[in-house]
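Number of protein chains: 4
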Amino acid sequence: MKKIAVFTSGGDSPGMNACVRAVVRTAIFKGLEVYGIYRGYEGMIENDIKRMYTYSVSNIVQRGGTILKSARSTEFRTPEGRKKAYENLKAHGIEGLVAIGGDGTFTGAKIFYEEFGIPVVGCPGTIDNDIYGTDYTIGFDTAVNTALDAIDKIRDTAAAHDRIFFIEVMGRDAGFIAVESGIGSGAEFVMVPETATDLDAVVKSLKNLRKTKTSSIIVVAEGDDEGSAEVIMNKVKDKIKDKKKEFKVTTLGHIQRGGNPTARDRVLASRCGMAAVEGLLEGKFACMAGIMNQEVVYTPFGDCIGKEKPLIQDHLKLIEYLSI
Amino acid sequence: MKKIAVFTSGGDSPGMNACVRAVVRTAIFKGLEVYGIYRGYEGMIENDIKRMYTYSVSNIVQRGGTILKSARSTEFRTPEGRKKAYENLKAHGIEGLVAIGGDGTFTGAKIFYEEFGIPVVGCPGTIDNDIYGTDYTIGFDTAVNTALDAIDKIRDTAAAHDRIFFIEVMGRDAGFIAVESGIGSGAEFVMVPETATDLDAVVKSLKNLRKTKTSSIIVVAEGDDEGSAEVIMNKVKDKIKDKKKEFKVTTLGHIQRGGNPTARDRVLASRCGMAAVEGLLEGKFACMAGIMNQEVVYTPFGDCIGKEKPLIQDHLKLIEYLSI
Amino acid sequence: MKKIAVFTSGGDSPGMNACVRAVVRTAIFKGLEVYGIYRGYEGMIENDIKRMYTYSVSNIVQRGGTILKSARSTEFRTPEGRKKAYENLKAHGIEGLVAIGGDGTFTGAKIFYEEFGIPVVGCPGTIDNDIYGTDYTIGFDTAVNTALDAIDKIRDTAAAHDRIFFIEVMGRDAGFIAVESGIGSGAEFVMVPETATDLDAVVKSLKNLRKTKTSSIIVVAEGDDEGSAEVIMNKVKDKIKDKKKEFKVTTLGHIQRGGNPTARDRVLASRCGMAAVEGLLEGKFACMAGIMNQEVVYTPFGDCIGKEKPLIQDHLKLIEYLSI
Amino acid sequence: MKKIAVFTSGGDSPGMNACVRAVVRTAIFKGLEVYGIYRGYEGMIENDIKRMYTYSVSNIVQRGGTILKSARSTEFRTPEGRKKAYENLKAHGIEGLVAIGGDGTFTGAKIFYEEFGIPVVGCPGTIDNDIYGTDYTIGFDTAVNTALDAIDKIRDTAAAHDRIFFIEVMGRDAGFIAVESGIGSGAEFVMVPETATDLDAVVKSLKNLRKTKTSSIIVVAEGDDEGSAEVIMNKVKDKIKDKKKEFKVTTLGHIQRGGNPTARDRVLASRCGMAAVEGLLEGKFACMAGIMNQEVVYTPFGDCIGKEKPLIQDHLKLIEYLSI
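Residue numbers (my numbering), protein chains in the order written: chain A, 1139 to 1462; chain B, 1139 to 1462; chain C, 1139 to 1462; chain D, 1139 to 1462.
Don't take each hint at face value.
Where chains are identical, the list cannot tell them apart; a pair therefore holds if satisfied intra-copy or between any two copies.
[Stated by the list, open to error] Cross-link-like lysine-lysine pairs, in silico, DSBU-like; alpha carbons within 35 Å at most:
#: 1; residue 1: LYS1248; residue 2: LYS1188
#: 2; residue 1: LYS1141; residue 2: LYS1345
#: 3; residue 1: LYS1455; residue 2: LYS1383
#: 4; residue 1: LYS1375; residue 2: LYS1386
It is worth saying that the hints were derived from the structure and are not from the lab.
Starting from the given sequences, assemble the full structure and let the hints guide the process.
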């Protein structure tokens, strides 16, 4: 293998740049030529591909977003689109790919590999942490800290006014951000897609709060079965029927995707990037380079996409115990 | 004057604790007894009043929220409510008040002073910066920095996806937060209540963006004449009719009220708190202690409430010039 | 077991408060009475022990430092001191202890258990991450992020002036903070106690830096074999003999011990605290509750103190590969 | 005037990039051609000058350091050096300059203007705030917040161990950073070059601290008349002679020069940059564009350099009153 390319795809996450940097520099360190593909599969189809050098990734390890940009490509879902993409790679002489992204990215990479035999190793880049085959995904730690920092701020004003706050964090299918930011902020309740939400229990609990509680924080993952934070707040309000209690809702939104990556995300991203290049050179194709139990692990794309990654049970217990 | 009391009222703002600390310690330094009234006028009516000592305000200068809590009191709007409040103060022997808050707080204080002759000096505690008689209000600088930090994060993800983001910041009647966070973040447009928003100009501009612009940020004060950020986004989207352009909206919400105060807010809060106590001792009643042109200025409550505080014209020009 | 006590000892670390909170609330949740011992072993000897309630630990999960304070006790190193400590615990009816700290704390706890048979479970509270039996220690993640944030700032000014900066981070015997902050900041070199530092290689490398490198960052753990950052800088300067190159040194110092704990530290601290109480109730004495591979693990104090925790080899490789 | 150039010189400060951006975009908005001179006067002499476009300053408003780099030039102090610099400017057709920097920068600009008649307007870029003609300098607010954030962290660990901390902040000739970070952090004492430091008073005070004080923070400007923080700590330690008291010292160093600029610094920098270009076009030569009392003010370089900027007296009083 002499030439490889790297791209970022799907929703961006903090640490993607650190990962791109690691891929580029490891490749050059190993004597490879390396290219950057812009806007993911879209750029692969449109031949938006540029040679990258050591200095191309200078001063980006600490930056949010992705210098390679990201996009969702509908054309790549068609055989014609993928054919075009393949022709472009071939024209450049690119023999291997590093794909940084999540579920959708890996699904595309798997099909692409099966159709054209082009080796791909993935890196888990998503804030949601919902990828099997790695303890944490790149961007998750930053997103949790951003959410936590926001909740800390809201706790200040909630306490000043004795209010009940419903805070919606990201997580359409996975409650990881909600659970860790909930534990970290000392939230009274956390509502996640993985478990059935019992609003009556919440209502009962809010009615019986000890007097020394000056405020309540309820963290809601956007994909909760009872609806969005706003919907849930209104349901709870209706059930509590206490005009003295003040309810507020905040949806944290896209701030959770940006920001300078944390130390943990930069180290994880760097290590996954290095491992992806090493994996390509060792013949590990159509799999993802993740970190489990502090070691690099290569997991076939099929498992990354298909297997479920459960919440840590102790974490749910922590919320119950510590919010008394 | 031997005994004074301090309270916080209305929406809380970062730096209120630093102000309370300054009032308490300056009072003690000057040989006064000092009391804290909890939950603003509500606590004054309910006699929720406690003696404060030097150590009562230890380790709070850096904290958001207010240890004295805040509330909005409907009872204080009635003569009966105010009578009760006065009786409580009298029973404690309290001869002077420091009121930390905004418009509503000062309106109440003015009436209270007129009815019962109890000296009150105010400190401008609100994130909105919409109080005449001080260059900046306590909490404004922190709120702007919080908004800015959030917009910086959103810029990362906006740039990664070439998106157009509408970001709503606080400011029902005043555009100060929008303008300063807009300049600071390099926003393409800022929409504020003080000026008529011209959506057609925005649409025209967004259509003709130079190619090197990878994203657009539009900061909207919540009180803009064209509606909320979401409403405005939908109007713009309808007018642009370009399916390739991606539009997103984020409402920053209550994170803008919390957080550790910035250096500027802590210094301002400390100075206003000291000046309020000195003002009481010098016979300056029914006025607010603010800082203008680096000097302490006492402004009658009537002016603080009644006079308009205009945006800085240069700031509006900056947004126009620098977003090219 | 009906009554337990918790204390913090040795150098403080961010997250200790979150751990104290978890111990107190888990204990109460499980029906125990719980006490706080102030200033570690010193307070145990001086009987500085207070009952703790659910609300005693409200609003501390996000705070640096330790509300129980910490101290190093010389008296506890004597049999008489330990006897006094034991008598005080006995008088309170305290039957179990949770000790939050590092090496020294656990050494004391081990002897105390051996002499008086009082059950103790430890929680790993130290920024250095040098405790065997847990993947990470409480406070390490915060310390790394603080160091990283400082190095990011220094990189700004280093780049503006094309300077070579030597930055000393904490770590007398362990290079974990240096390595992770080095990877995270894209440092050119990292010098740690665990490996022999080759200054000639550094000098050679600095002389041959590619032209596009605008600055160099060298992270030095305080316990490096070649001396402090200042000593090393002077050695390198003497060897390079290039008057055009500007060398600077910064010692980050105690900022690394403070600050609001990160999400990771709050979650880790909470989980260790809960596990410590559960361990006591399950009869796990004279051991530490740590997290390895995402699971709670109880490790005998002897192993925590005696066994070495090696650096992750991949991390050293990352610094080499990625600084080209 | 058709062509102007901008450069940064002397010690860098956060916000310089925002200022460069404002100069470049205002110039283009006004129909001018604009050039960037790299490494200050050094680059002027070495002809390191490049045309700048709107996109040249994209995405830098939030960055610390300076994309134009900075340097101190000895050659520019010679008539020959300045001659070379002038010839280079002339060759490019550059008719006006914006100089971003402090005392030294303006001294050079003044001589250069006197010798060659080339119009120069300055912008006050230095963290020290020691420039007459502007209420605040660009970078000061960020430096104070960085210092404050560090002191907040140290306060955590100081309180946990009941320690006395001496913290050295930047300020060789001016105590502005020390005073504002001292007020903001609730420091017990602040020592600055502008006033004589009375160590005996400090010693007396430290001996008599009330029992509820758990720690003491003493902020020392690097240029204090009694020496560095370390020297002062040792003097105080010798005088106190209390082995129980623990003394520690931390020198914050270069972290104060870096970091993303605060909102205030970005707005100030943007406004000064715009005003500098407008000043050039209006024929305001050899002066600095600063902001006083919220208005743009142009002050002749001679005054900026020669007149003293005093500390705010109220600020010194605040430290005395509020540390009781």
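Hint by hint, which ones does the structure fall short of? none
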